[in-house]
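*Asks:* Top to bottom, those sequences are chains A and B.
With this note's numbering, the residue at position 251 of the first sequence is 251, and numbering never jumps.
With this note's numbering, the residue at position 236 of the second sequence is 764, and numbering never jumps.
Rather than coming from a laboratory, the hints here were simulated on the basis of the structure.
Mixed in with the good hints there might be a few duds.
20 Å max Cα-Cα, derived EDC-like pairs, lysine to aspartate or glutamate [claimed, not checked]:
(1) Lys52(A) - Asp1054(B)
(2) Lys406(A) - Asp439(A)
(3) Lys580(B) - Asp411(A)
What follows is a set of in silico ranges between Cβ atoms, one per label pair, in the way DEER data are often shown [stated by the list, open to error]:
(4) Ile221(A) - Ser812(B): 43 to 49 Å
(5) Leu388(A) - Gln1027(B): 35 to 41 Å
(6) Lys138(A) - His1051(B): 53 to 59 Å
(7) Ala432(A) - Ala569(B): 39 to 45 Å
Just so you know, even glycine gets a beta-carbon here, dropped at the ideal spot from N, CA and C.
The residues making up each chain are set out below.
Protein chains: 2
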Amino acid sequence: MIQEKQIIGFDFSAEGTETFASFNPATGANNDYLFYKVSNAELDHAAVKAAKAFQQYRKKSGVEKAIFLEAIAEAILANAETLIEVCCNETALPKGRIEGELGRTTNQLKMFSSLLREGSWVDARIETALPGRAPVPKPDLRFMHIGIGPVVVFGASNFPLAFSVAGGDTASALAAGCPVIVKAHAAHPATSAIIGKAIQQAAKNTNMPDGVFSLLFDNGIDAGIELVKHPLIKAVGFTGSFKAGKALFDAAVNRPVPIPVYAEMGSTNPVFILPQALRERGTSIAAGYAASVTLGVGQFCTNPGVMIYPEGNPAFQHAVKNEFEKTNGGVMLAPYIAKTYSSEVSKRLDVAGVEQLAQGQTGMGSQDNYANSVLLVADKKVYNQNPLLGEEVFGPSSVMVEVSTKQEMLDIAEQLTGHLTCTVFGTDEDLANYVDLIDILEQKAGRLIVNNFPTGVEVCAAMVHGGPFPATTDSRTTSVGTAAIYRFTRPVCYQNLPQHLLAPELQNQNSLGIFRLVNGTLHQQDLT
Amino acid sequence: MIQEKQIIGFDFSAEGTETFASFNPATGANNDYLFYKVSNAELDHAAVKAAKAFQQYRKKSGVEKAIFLEAIAEAILANAETLIEVCCNETALPKGRIEGELGRTTNQLKMFSSLLREGSWVDARIETALPGRAPVPKPDLRFMHIGIGPVVVFGASNFPLAFSVAGGDTASALAAGCPVIVKAHAAHPATSAIIGKAIQQAAKNTNMPDGVFSLLFDNGIDAGIELVKHPLIKAVGFTGSFKAGKALFDAAVNRPVPIPVYAEMGSTNPVFILPQALRERGTSIAAGYAASVTLGVGQFCTNPGVMIYPEGNPAFQHAVKNEFEKTNGGVMLAPYIAKTYSSEVSKRLDVAGVEQLAQGQTGMGSQDNYANSVLLVADKKVYNQNPLLGEEVFGPSSVMVEVSTKQEMLDIAEQLTGHLTCTVFGTDEDLANYVDLIDILEQKAGRLIVNNFPTGVEVCAAMVHGGPFPATTDSRTTSVGTAAIYRFTRPVCYQNLPQHLLAPELQNQNSLGIFRLVNGTLHQQDLT
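Same shape as in the complex, but just chain A (with noise of 0.2 Å):
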C-alpha cells in the first residue's frame, strides 16, 4: 500500500489522521493508494507558502513562468505510461480517452507558454505626459494586467487530467503570475498525485519558488470549504456540481474581504433542430446526437440534455430512439454519480408527462456504478412548467421535447436559464426563418453552436467555456481557452514612475514587441 501524502511547497506533509483509498469505479475494488486528508494547519501551511511564493512568483518574467510551464507539461509527458494506466484504473475511463485528454493537458499548458512568449495578453497602454497641458498638466499613465495571488484550484470529476490538477485552471492561473492550490477530487486522488509530484519537480528544476504549487488531499467538502474562506486566497477556480459550486461561490462572497468564485457548474446544452434540417438531414442528426449524449458515459459538462424539434417527424423521433438504443451505456466515474444520475433520471420519469422513449444496451459494468443510456420525451407542456426538466443530469440522458409550432420553440428558448453552449441545426432557410431563436440563444450561453454537437470544446484563443449563471457564477469569463487568464489579473495603472520601477511590458523601449495602446495607437514599436 503507497501512503500519498500532501504536497505542500517543495514539501511533502503527512499531518492528518484519517485516510482515504483511492479505488477502481469499474470492480468496486481499492487501489494500492492511500491519501491523508488535509488537516486544517497544513491547508495553512499551504496558504502562507503561497502568498510567499507570490512575491517572487509575480516577478517572474513571461519566459520564465512560459518554461515552467513547458517544464509542468514535460515532467508529466515523462510518466504517461504510468500516469495512463492509475489514471484509467481510477477513473474506468477509456485509454484512448485518457490519452487524448493527456494531449489536451499538455497543448493547454503549450497554449498559455505561447501566450506568455508572445506576451501581448498583458494589455499594456500607456498615455505620455503632457506636461505643458491647460488647466492641469497630464501625467504619465501606465496600464497592464498583473496577478491577483494565491488561487485554489479544485479537481474536476470527469476531467481527471485536463480540468484536474494541471489542468486549464491551474494552467492559467499559472500563467497570470499565481501560485496555486489543489484540492484533488477524491475520485482520482492518486492520478492527482502522479501530476502533482510532476508540477513540484518541474518547479525545481525551473527556480520557481517553493509555495508556487501545492496538492492537498480530502474527500469531503470542509477542507475546500476552508481553502476559500482562507484570507491569503485571492480567487478560485472550480468545474463541478451546481450544489458544490454555489457552495464555494456563497462562501467567498460572505467573507469578510469577498473573493471572486469561477464555479463551472455544467448546464443542459439545448439543441433546437429546424424544421428543414430535420427533413433534409435527420438521419444523421439523429446519430450525431445518440453519439453526443452519450459520449463518455455521458459525463460531459457540454453533452446535450435536451432536444427541441417540430412534431409531425415520428420517423425522426423513431431515428434518434433507434440510435439510442444501439448505445452502450459504462461505469461511471464514482459510485455516487452513479447513484446520483439513477435518482434524477428516476425523479424525470415520476413527472407526468414525462416518458422514456429508448434505454441503450446493458453493458457488463459492476451493476452498483454502471449507467444506462436513458431518452425521455417531455410534453412541452410540462417542459416549461417543470424547472427540474432544465436543470442538468450527470450522465448519459436527455429529453427530447416536441412543439407544434415556431412560437413554441421561442417559449421555451425565452425560458432557458444560461447554459454553457446552445446549438442550432438548419439550413441556410431555416437559419434565415429563425434569426429570432438565435437571438435569444446568443443570450443564453457562453458558445452557440450551428448544426455541430456541443461536446468537443476546442483549446484556444476563441474559445468560451462560460456561460451566464447557473451555467457558471460568472459570465464575463471563460475556462477554456487563452481569455482564462484574466480570471486571475486585474489592471494596474503607474502614474509617473521612472522607467526602471517599470515591468518591461511598460517600459519606453518595447524589449518584449509586444503589442501596446501607446497614446490611442495599437503597435509594437518604441516610444521616441
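Fit chain B to the known structure of chain A by using the hints.
*Replies:* What follows is chain B alone, placed relative to chain A:
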C-alpha cells in the same frame, strides 16, 4: 414649485405618494424642485422597459451607439447654463469646479464614442476551421464581447455630473450595449433631472429604443436595494460609501441569480514620503499635500487620508501644519455628509495617541453643514493597531504618521487594506532604496503614483480607478477610462455560424477595420 417625475424610458411617471425636495446645502433652504419617490411598480416598469429595450439596443452598431453618446453630450451642453446654476445651488460646489466637471462628463461620453467608432474593444478572436484535422476536425470559432443586459447605476454625491446620471458608469454601460437605469442621488436631484431629460431627448433623437435609459428618484435606500434585486437587472455600478456599496454587493451576490456589483467605495489613498525627497522638497510636498487633502472640501475618492514619513524632520511637520492652517474649510455636499465627517474626526481624536496638529481657517458657511480641514498626527503603533485610522474619512482631514525606520514604513505598507491609490514621493536614490515599498504598494492599489498627488483622475485608456477590497468590490476592473466597458460585457463564442449570422466584427470581411486575433495573429485585414 416644480414637480419632477420619474423618467421611465420615453415616459414620465409620478405614481409615488411621497415627495422630497432639492435643497441648497450652503443655506439649508429648499430649492424650487420637488421629487416624487419612485414606487415599486415604477421601478419594475423601468426594469421591464430596459429588458425590452436591450433586445433592440444590443443590435445597434458601434457607430449608432457612438452617435447616441455624442447626442447625450450635445444635449447636456445645450442646457449648460441652467445645469451649472442648478448644480452649484444643489451641491455648494464652486462654478469653476462644476464647469470643469461638465467638461469631463462630456469628454467621457466622447471617449466612449471614439472607442465605439474605432471598434477593436470587442476583442475579436477568430480561429478558422480545419475540417481535415485528425483525430477530430477543428470547427470555425469566433469570439467577441457583447453587452450583459440592463445595468443599474447609482449617482454619486461628490461628482454630480461626472459620476452621476450621465457619468462614467452610464457612459461605459451604454457603450457596452446595455440599457441603464439610474437611481439619482438625493443630494442633487434637480441636476439629475436636467441630465436625465437630456439623455431621454438624445435617445429619441437618435432612434434608440424606449427604455434604453430611465432615471428614478428616491431619498432612501429601499428603491436602490429593490433595483439590485430585480431579476431583469444584470449588473450594478456604484460610487459612494463602504456601507452603502457593501449593502448593494451583499444584496446582489445573494440573489437567486447573483450579478456583479462594481462598487467604488473610497479609500485613504496613503502617501509615503521618502527621506531624501523630504529633505530636498519638503516644503513643496507640504504645500501639495495640504492642497490635495483639502481640495473640494476633501470630497474626492482619491484624497490622501494618511501620510507616512520619516521622523526627525520637525521642520517638515511644521511646514505641513503651516500649510494646513492656511486652508479653508467649506460647505459640504449635504448635511448628513458634514455630520458624518465631524463625527469621524471626533472618533479619531478619541483614540489615545492621536492628536490634532492643525486646523484650517474657519469660513463663512452655515454652521451645520460646514467642515473645517483638520490635520491629525498618530503614533505609529497606535496607527497600526487601530483599523479605524485606516478607514476613509470623507472630507478635508488627514493623519500624519512618523516612522523611525524603513522597516516600520514597510510594516505599515504591509498592513494596508485595498486602496484606489498609493503614492510615493522620492528622489531617484530614494526609489532605488525603496523598491520593496513600491512592490508592496503595487499589490494594495489600483493606481500606483510616484511624485504626484492622487487627487485628479485622468480619463483615458490607461487609467485604473479601482483597487482591491475594500476600495472596490471588484479589483479586476476600473470605473474610469475605456477599460470600464468590460464591466458590462461578456465574451461569446460563435461556432460554425454562417457569415450572415455573425456580427460585422466577426465576418470574414473586416468592414470595420478593427484589430482581430486571427489564428494567433493580430491584424486588421480581411480573412481570405
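*Asks:* Hint by hint, note whether the structure agrees.
*Replies:* Taking the hints in turn, this is what the structure says about them:
The suggested pairing of Lys52(A) with Asp1054(B) is violated, with an alpha-carbon distance near 47 Å, which exceeds 20 Å. This hinted pair checks out: Lys406(A) and Asp439(A) have alpha carbons roughly 14 Å apart, not beyond 20 Å. Between Lys580(B) and Asp411(A), the direct Cα distance comes to roughly 15 Å. Compliance with the 20 Å bound is thereby established for this hinted pair. Range check, Ile221(A) to Ser812(B): Cβ separation about 58 Å, and the 43 to 49 Å hint is violated.
For Leu388(A) and Gln1027(B), the hinted distance range of 35 to 41 Å is satisfied, since their beta carbons lie about 39 Å from each other. Here the CB-CB span from Lys138(A) to His1051(B) is close to 30 Å, at odds with the stated 53 to 59 Å. Between Ala432(A) and Ala569(B) the beta carbons are some 40 Å apart, a value that agrees with the proposed interval 39 to 45 Å.
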